[in-house]
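S.K.: Sequence:
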Amino acid sequence: MNKRLINFRPIARVVSVLLLIIGALMLTGMPFSYYFGESMLPLLYAGLTTIGAAGLLFLVPRAPRGSLPQPSDLTIRKREGYLIVALSWTAMVTFGMLPYLYSGMLPNVADALFETVSGMTTTGASTLSDIEIQPRGLLYWRSLTQWIGGMGIIVLTVAIFPLLGIGGIELFAAEAPGPTSDKLHPRISETAKRLWFIYVGLTLLLGVLMYVMGLSGYDAINHSLTTMATGGFSVYNGSAGVFPPRIQYLITIFMFLAGVNYTVLYLSIKMRWSEVWQSDELKAYIGLVIVLSLFFTARVWYITGNPLEQSFRESVFQVVSLITTTGFVTADYTSWAPSLTMICFVLLFLGACAGSTSGGIKIIRNLVFLKNSYLEFRRIVHPQAIIPLRLNGQIVPGRIITHIFNFLLLYLILFVFGSVVLSVLGLDFMTAIGAMATSLGNVGPGIGEVGPVDNFSWLSAPVKLVLCFVMIIGRLELFTVLVLFTPYFWRLN
Numbered sequence: 001m002n003k004r005l006i007n008f009r010p011i012a013r014v015v016s017v018l019l020l021i022i023g024a025l026m027l028t029g030m031p032f033s034y035y036f037g038e039s040m041l042p043l044l045y046a047g048l049t050t051i052g053a054a055g056l057l058f059l060v061p062r063a064p065r066g067s068l069p070q071p072s073d074l075t076i077r078k079r080e081g082y083l084i085v086a087l088s089w090t091a092m093v094t095f096g097m098l099p100y101l102y103s104g105m106l107p108n109v110a111d112a113l114f115e116t117v118s119g120m121t122t123t124g125a126s127t128l129s130d131i132e133i134q135p136r137g138l139l140y141w142r143s144l145t146q147w148i149g150g151m152g153i154i155v156l157t158v159a160i161f162p163l164l165g166i167g168g169i170e171l172f173a174a175e176a177p178g179p180t181s182d183k184l185h186p187r188i189s190e191t192a193k194r195l196w197f198i199y200v201g202l203t204l205l206l207g208v209l210m211y212v213m214g215l216s217g218y219d220a221i222n223h224s225l226t227t228m229a230t231g232g233f234s235v236y237n238g239s240a241g242v243f244p245p246r247i248q249y250l251i252t253i254f255m256f257l258a259g260v261n262y263t264v265l266y267l268s269i270k271m272r273w274s275e276v277w278q279s280d281e282l283k284a285y286i287g288l289v290i291v292l293s294l295f296f297t298a299r300v301w302y303i304t305g306n307p308l309e310q311s312f313r314e315s316v317f318q319v320v321s322l323i324t325t326t327g328f329v330t331a332d333y334t335s336w337a338p339s340l341t342m343i344c345f346v347l348l349f350l351g352a353c354a355g356s357t358s359g360g361i362k363i364i365r366n367l368v369f370l371k372n373s374y375l376e377f378r379r380i381v382h383p384q385a386i387i388p389l390r391l392n393g394q395i396v397p398g399r400i401i402t403h404i405f406n407f408l409l410l411y412l413i414l415f416v417f418g419s420v421v422l423s424v425l426g427l428d429f430m431t432a433i434g435a436m437a438t439s440l441g442n443v444g445p446g447i448g449e450v451g452p453v454d455n456f457s458w459l460s461a462p463v464k465l466v467l468c469f470v471m472i473i474g475r476l477e478l479f480t481v482l483v484l485f486t487p488y489f490w491r492l493n
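For the sequence shown, full-length UniProt numbering gives the first residue as 1, with consecutive numbering after it.
In short, the hints are calculated from the structure, not lab data.
Hints may be right or wrong, so weigh each one.
The calculated lysine to any residue pairs, modelled on SDA-like cross-linking and capped at a C-alpha distance of 20 Å, are [stated by the list, open to error]:
#1 K371 - L282
#2 K193 - L257
#3 K371 - L391
#4 K193 - L25
#5 K78 - I400
#6 K270 - L257
#7 K78 - V483
#8 K283 - L205
#9 K78 - W490
#10 K283 - I395
#11 K78 - P487
#12 K193 - L205
#13 K371 - L409
#14 K78 - F489
Using the sequences and the accompanying hints, generate a full structural model.
M.R.: This is the structure in structure tokens:
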């Protein structure tokens, strides 16, 4: 009987396509380097190195005849799908840090890797102490890494897999954020194309609006990339706080849109409003943003004595930035009040809607947990009654509830365990829990010594490497990575 061996040819083929795209995108930073009078060689060398590696991987030979049970040696099964996602992210961050290393911008491997992982996972934590003195071409690449990771480069390549004779459903299931994977089209490649059409369209729209409202073309490009990716990298030390109020309001609106499920955005574009308002998660998202924004505004206005408009603008900006895990800052929210700092810390775990570019636990998981907990009281009073949990008007299957509860428990365990590890490595309590929460949730700023006005440059190399692993686990929704460390994954039958 044939063993179900892992088929490495499609894995190598997909990773090679990914690296080809990454290498080509690196080269798009060269015009910025030329325009600002900087050396183009780091991006050129990094791009060519990455493209060369892609070519070598593409030449991986076919598997021996008879060693695999499927009819095509390019068929992707579930195990290959998870391996492709994990290895693709490993390859992307490995080659993605080459521009930093070749240029000397971040000569330390730990710093270069951290910056790249933070970018690709749209976390937004940075090791750069002075951003504004860095080469503009490399800062563009830094912003582009977040845009690439925003929707997930895997979803992009799924759209072109038919050209390679490779099916992509297993990749989409492993890569797509959130506990559900609503498909806009029966063919997974068409779904990926439509998601990226929305993603690219909103990015272009934001960039044009920023330019029209007074930003330079360079600033508009960089901040539109990192806003729609819910990433938070800026080309200024003061983040979005350096922009005039009109730009801050514009960024707030698009951060909010970036936190909406892309299926809902698609239905909105099609003006299928009845289906849009069926989403309990969207209602909870909107309600949460409104309530927290008003509460923060009242407290900040009272505490700081700032004008009401400024208090409202800074409050709604930080609430949306933290919920969507974007990580832009316009004010030091840890200086407002201990109670508001605690709420901001809780928001590091929340996340926006599933199926968006945001990180975190996601609202839908929290919603299922709260609804099921409430129903448990009814079940206690009426033990014989069958009381199903409904979401969007439909009954949630028990296996989904179990999966969500397992995810929440595992998320909590990882947070506690990781915080202990960081404490052992020398971080104080507040900084350890802040760094762990913001890295696992892919947010960026945290609390303690990694707050909104601090950076991660002072951390030791071991701490940075731990946080790199945590950021990738958080971006890929825990199970996609952790399943690789189970013996069941590697069994041949």
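S.K.: Hint by hint, note whether the structure agrees.
M.R.: Hint check:
For the proposed pair K371 and L282, the alpha carbon gap of about 15 Å is at most 20 Å, so the pair holds. For the hint linking K193 to L257, the alpha-carbon distance of about 19 Å falls within 20 Å, and the restraint holds. Taken as a hint, the K371 and L391 pair is honoured in the structure, with Cα atoms around 9 Å apart against an allowance of 20 Å. Of the pairs offered as hints, the one joining K193 and L25 holds, with about 18 Å between alpha carbons and a cut-off of 20 Å not exceeded.
Note on K78 and I400: the hinted pairing holds, with a Cα-Cα distance of about 19 Å set against a maximum of 20 Å. For the proposed pair K270 and L257, the alpha carbon gap of about 16 Å is at most 20 Å, so the pair holds. For the hint pairing K78 with V483, the CA-to-CA distance comes to about 11 Å; that is within 20 Å, so the pair holds. Our distance criterion of 20 Å between C-alpha atoms is broken by K283 and L205, whose separation comes to about 25 Å.
Restraint check for K78 and W490: satisfied, since their Cα atoms lie roughly 12 Å apart, inside the 20 Å limit. For the proposed pair K283 and I395, the alpha carbon gap of about 18 Å is at most 20 Å, so the pair holds. This hinted pair checks out: K78 and P487 have alpha carbons roughly 15 Å apart, not beyond 20 Å. Of the supplied pair hints, the one linking K193 and L205 holds, its CA atoms being roughly 18 Å apart against a limit of 20 Å.
Distance check on the hinted pair: K371 and L409 sit about 17 Å apart at the alpha-carbon level, within 20 Å; holds. The hinted pair formed by K78 and F489 meets the criterion: a straight-line CA distance of about 10 Å does not exceed 20 Å.
Going down the numbered hints, you'll see the structure goes against just number 8.
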